[in-house]
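Novice: Residues per chain, in single letters:
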Amino acid sequence: MDASVLPEDDVIARLAGVAPGGAVAAALAGRADILAMTREAAAASLTPQEPGGLSHGERAALAVRIARLHREDDLAAHYAELVARAGATGATAALADPAFKGEGDTRLAALLAYADLVTLAPKDAVAGDIEKLKAAGLGDADVVRLAELVAFLAYQIRVVKGLKLMQATA
Amino acid sequence: MSGTLHAFTTEVPHWQPRVKPIDLAQASPAQLDALKVTPSNTKVSDYVLVLANDVETLKARTPLFNAIMYNRGGLGRAERELGAVGASVVNRCIYCAAVHASRYNQLTKTQETMQRVFAEGEAAALEPREAAIFRFASKLSKTPSAADGDDMRALRAAGLTDAEILDLILSAALFGWANRLMHTLGDPVAKEGEG
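These protein sequence lines map, in sequence, to chains A and B.
Quick note: the first sequence uses the numbering used here, first residue 1, plus one each step.
Quick note: the second sequence uses the numbering used here, first residue 1, plus one each step.
Hints are not guaranteed to be accurate.
Keeping only pairs whose Cα atoms sit at most 30 Å apart, straight-line, the calculated BS3-like set for lysine-lysine is [claimed, not checked]:
{"id": "1", "chain 1": "A", "residue 1": "134", "chain 2": "B", "residue 2": "59"}
{"id": "2", "chain 1": "B", "residue 1": "20", "chain 2": "A", "residue 2": "132"}
{"id": "3", "chain 1": "B", "residue 1": "59", "chain 2": "B", "residue 2": "43"}
{"id": "4", "chain 1": "B", "residue 1": "191", "chain 2": "B", "residue 2": "20"}
So, partial list: chain A residues that the calculated Cβ filter (under 10 Å) puts toward chain B [claimed, not checked]:
{"id": "5", "residue": "37"}
{"id": "6", "residue": "41"}
{"id": "7", "residue": "43"}
{"id": "8", "residue": "52"}
{"id": "9", "residue": "71"}
{"id": "10", "residue": "118"}
{"id": "11", "residue": "121"}
{"id": "12", "residue": "125"}
{"id": "13", "residue": "129"}
{"id": "14", "residue": "148"}
{"id": "15", "residue": "149"}
{"id": "16", "residue": "151"}
{"id": "17", "residue": "152"}
{"id": "18", "residue": "153"}
{"id": "19", "residue": "162"}
Derived by calculation from the structure, the hints in this document are not laboratory data.
Note that the Cβ used here is the ideal one computed from N, Cα and C, for glycine as well.
Full structure from sequences and hints, please.
Specialist: Below, the structure is given as structure tokens:
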């Protein structure tokens, strides 16, 4: 009946190092519905049933990249496993490296430019950044898919970061 | 877009999409389900119709958003809005800041806090509890996050419980998500007859 037992498959609680039975675990247990909905949102963003023009491998590799841009190495390692599970190799796997800018591939270059800008400095995003995605061949639905992926990760990474701080000062 | 707003305001602007909203008349059953469209509820904003382009994420996101901002217990409603505003100021999402600053003002029946936030930005001088909340939310919103142990200890010193701190983390993080959609997929423009 221990209300502070968290599901073992909860990536956020695991990567934040939440101590079982502690105060942070108890607070999280009070928001178990939100943790569950966050796991559903992660599945919808990373491994959707209909991935459209953004494959599971590309999504996982972008997640590694975005975690690295946030300097959240544990989360980057978690998503690297997802890259491997998706069987991504070559240019797709290369998306994980923030130093790779999509050289020689218009579509990848546009994807990465958007992902990097909106991860690091969303305040600087302008209408032209969406136009560049469309010019590189992304349809409206794929623009939204990419935006949701980048945006969801910004949320998930900050929840992990916040919980780590909570745990460290508990 | 000539009428695009660039300054913070508590007057909620119009949101002009940069991506095509789905056509409700041609929406799939999955889209109608995610949009919660029923014969008695057919009003859906352009923003949500844009997000319906990615129906799986929209379906997961809507209940999550509502739970984080409106679930019972924990952090008060106004302080969750303050967390949302902290993120929106860092990310300069004019539309999000307007919606959530105006909600904060309605809930607290004050205007001074938001006037200071909009005038002074992340350095706004606020009352101690508000200051600890706003500072944590804005620092968590940087990339990489700049929040540290001192910011967390300031929340505890201001009297926030673990349950309240968790809700603040969630509301500020949620707007890391919402700002990146709202601010990149459309423009805030003055409503007709205003500004």
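Novice: Against each hint, give a clear statement of whether it holds in the structure.
Specialist: We went through each hint and held it up to the structure:
no. : hint           : result
1   : A/134 <-> B/59 : holds (25 Å)
2   : B/20 <-> A/132 : holds (15 Å)
3   : B/59 <-> B/43  : holds (17 Å)
4   : B/191 <-> B/20 : holds (20 Å)
5   : 37             : holds (4 Å)
6   : 41             : holds (4 Å)
7   : 43             : holds (8 Å)
8   : 52             : holds (8 Å)
9   : 71             : holds (4 Å)
10  : 118            : holds (5 Å)
11  : 121            : holds (7 Å)
12  : 125            : holds (5 Å)
13  : 129            : holds (7 Å)
14  : 148            : holds (4 Å)
15  : 149            : holds (8 Å)
16  : 151            : holds (4 Å)
17  : 152            : holds (6 Å)
18  : 153            : holds (9 Å)
19  : 162            : holds (3 Å)
Consistency with the previously given hints is maintained throughout, with no hint failing.
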